[in-house]
Amino acid sequence: MVNALQSFMAAANQYGSHPLKEVVEALKKATPTLNKVSYADIDKFVDVLIGKNNGVGACFLLHGKIKRGSEAVADYLQLLTQSKKVIDLINDSEIEYVYEKFSQTFTDLALLYVDNKIPLHGIKILKFAIQKLTRGVNGTITNLHPALLGLCLAANRFDPALEYLNLDAEAIFLNAINGPVLDSQSILLFFYYGGMIYIALEMWEEASFYLQTCVCLPAVSASAIMVEALKKLILVNCILDKNEALPSYRSAALQRASQFKCTTYHAVAASYNEICTKKDLSKIKRKFSLIFNKDGDQLRTDKNTGLVRKVQDHSIFVRTNQLSQVFTRLKLSDVRAYLEFKDEVADPEILVQSLIQKSLINGQIDQRTESVIFAESAKVDIDANQLESAMKNCVELSEVLYKCHQEMNLHPIYLQKSGKKGGASGSNQFAGNMMMEDEGVVAPSVSS
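All residue numbers for the sequence shown refer to numbering that gives the first Met the number 0, where the first residue is 0 and numbers rise by one.
Be a bit skeptical, because a hint or two may be false.
Claimed, not checked - Below, computed lysine-lysine pairings styled on PhoX-like, alpha-carbon distance capped at 20 Å:
| hint | residue 1 | residue 2 |
| --- | --- | --- |
| 1 | Lys28 | Lys126 |
| 2 | Lys20 | Lys126 |
| 3 | Lys84 | Lys116 |
| 4 | Lys126 | Lys100 |
Said to hold, decoys possible - Taking CB as the label site, the calculated pair distances span:
| hint | residue 1 | residue 2 | range |
| --- | --- | --- | --- |
| 5 | Gly50 | Arg134 | 24 to 34 Å |
| 6 | Asp158 | Asp312 | 23 to 33 Å |
| 7 | Arg134 | Ala389 | 27 to 37 Å |
| 8 | Met390 | Arg255 | 33 to 43 Å |
| 9 | Ser353 | Ala39 | 51 to 61 Å |
No lab work stands behind these hints, which were simulated from the structure alone.
This one's a predicted model, so the numbers in the text were calculated from it and none came from an experiment.
Just so you know, even glycine gets a beta-carbon here, dropped at the ideal spot from N, CA and C.
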């Protein structure tokens with residue numbers, strides 16, 4: 000045990016007297032010996048290296064401490080203190096040499112906090128770590144971004160995540176695919192987790208954009224992350240009343256995979272469209288019940304039951320909105336009958352009031368006559384400058400997509416018939432809890 004620790008400390012003590020690249024290589028070779036060292040000794044010598052201002056060696060030793068799991072989390076405040084000191088000690092010139100170990104360390108720290116149900120305590124330290132990796136430059140995605148978003152999801156605390164999501168989408172994407180040390184799984188998880196956060200906030204347009212970006216990244220095979228994102232995208236597009244067809248630049252492999260991996264979700268979308276467009280609902284309504292009875296286990300496994308319920312509720316909202324196009328005044332007692340949702344609509348007044356508050360219908364409730372008065376939809380004046388600007392943006396977007404599509408088709412990696420996963424050192428382990436893979440994902444440059 001002593002010899003193992005001495006071997007590591009000998010490598011760490013080369014810091015300052017040897018080239019940093021050699022020090023990092025020596026630390027990598029000595030790291031496996033930490034498995035033989037007691038937790039108490041590791042904890043003690045993390046502080047020793049911090050006291051010597053050796054942030055590089057302390058980072059390697061801190062990772063060994065985090066890998067001890069429950070022992071490390073027993074005193075999570077001490078762990079946070081040591082982590083912050085390590086971040087402060089590593090300077091900008093050193094971070095490129097320890098980028099891989101630094102990312103691994105704080106990704107595993109995030110996983111440790113999620114597994115022990117204290118994700119809230121890891122959010123702030125992950126923000127410090129991301130700032131160190133990005134050097135304070137906004138619009139840059141790192142391998143730590145998905146870990147931070149995962150912490151925010153686990154803690155149901157979304158404000159810290161929004162500052163990383165409310166950025167220029169084009170800049171995020173271009174920086175992501177051109178990142179020299181960014182692995183493909185991190186790109187997928189960033190957009191997937193971002194979509195999940197926007198779903199939780201019921202910001203459907205933003206959720207659709209992030210999920211669609213995830214599923215449309217160039218790939219030679221459909222990854223599990225893409226498939227999960229597609230399932231949610233189908234449901235979100237129902238709520239937005241969008242066509243569920245994917246853009247032409249999406250991966251053909253994903254399109255094939257969706258036909259047998261997303262069957263249940265296509266059935267939900269079909270039922271939703273039928274409810275919104277057909278008058279006779281007696282048979283159609285039973286389809287939703289059949290989906291919950293037949294595929295309820297799959298929906299619960301995918302954690303999409305609530306989202307499917309939201310789609311079902313939205314179909315009722317759409318039917319209610321259609322009443323405003325037929326009637327100018329309608330008794331509240333007649334709303335349920337006209338909707339043909341006698342069982343689902345418990346209180347028509349609450350339903351109509353909710354739609355009015357959400358601006359989904361234009362009207363008001365007359366309490367004296369117990370009826371709803373539908374008003375004509377206000378006409379929106381289209382400004383000529385806004386229209387011209389929108390057309391210009393569409394043309395520019397079309398050019399970017401065409402350029403991306405051309406380079407994607409000619410990219411040598413994309414042309415390979417079988418995708419190979421990156422080395423274990425470059426993979427993002429934060430997806431481990433979700434049992435996802437990133438096989439075959441390719442992110443070619445779209446730069447000229």
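How the hints compare with the structure:
Under the criterion of a C-alpha separation no larger than 20 Å, the hint pairing Lys28 with Lys126 is inconsistent with the structure, at around 29 Å. Annotation: proposed proximity of Lys20 to Lys126 is violated, straight-line Cα distance about 26 Å (limit 20 Å). Distance check on the hinted pair: Lys84 and Lys116 sit about 24 Å apart at the alpha-carbon level, beyond 20 Å; violated. Restraint check: the Cα-Cα separation between Lys126 and Lys100 comes to about 17 Å, which is no more than 20 Å; the hinted pair holds.
For the hinted restraint 24 to 34 Å between Gly50 and Arg134, the CB-CB distance of approximately 26 Å keeps it satisfied. Here the CB-CB span from Asp158 to Asp312 is close to 26 Å, well matched to the stated 23 to 33 Å. The hinted range of 27 to 37 Å is satisfied by Arg134 and Ala389, whose Cβ atoms lie roughly 36 Å apart. For the pair Met390 and Arg255, the beta carbons lie near 35 Å from each other, so the given range of 33 to 43 Å is met.
In this structure the supplied range 51 to 61 Å holds for Ser353 paired with Ala39, their Cβ-Cβ distance being about 58 Å.
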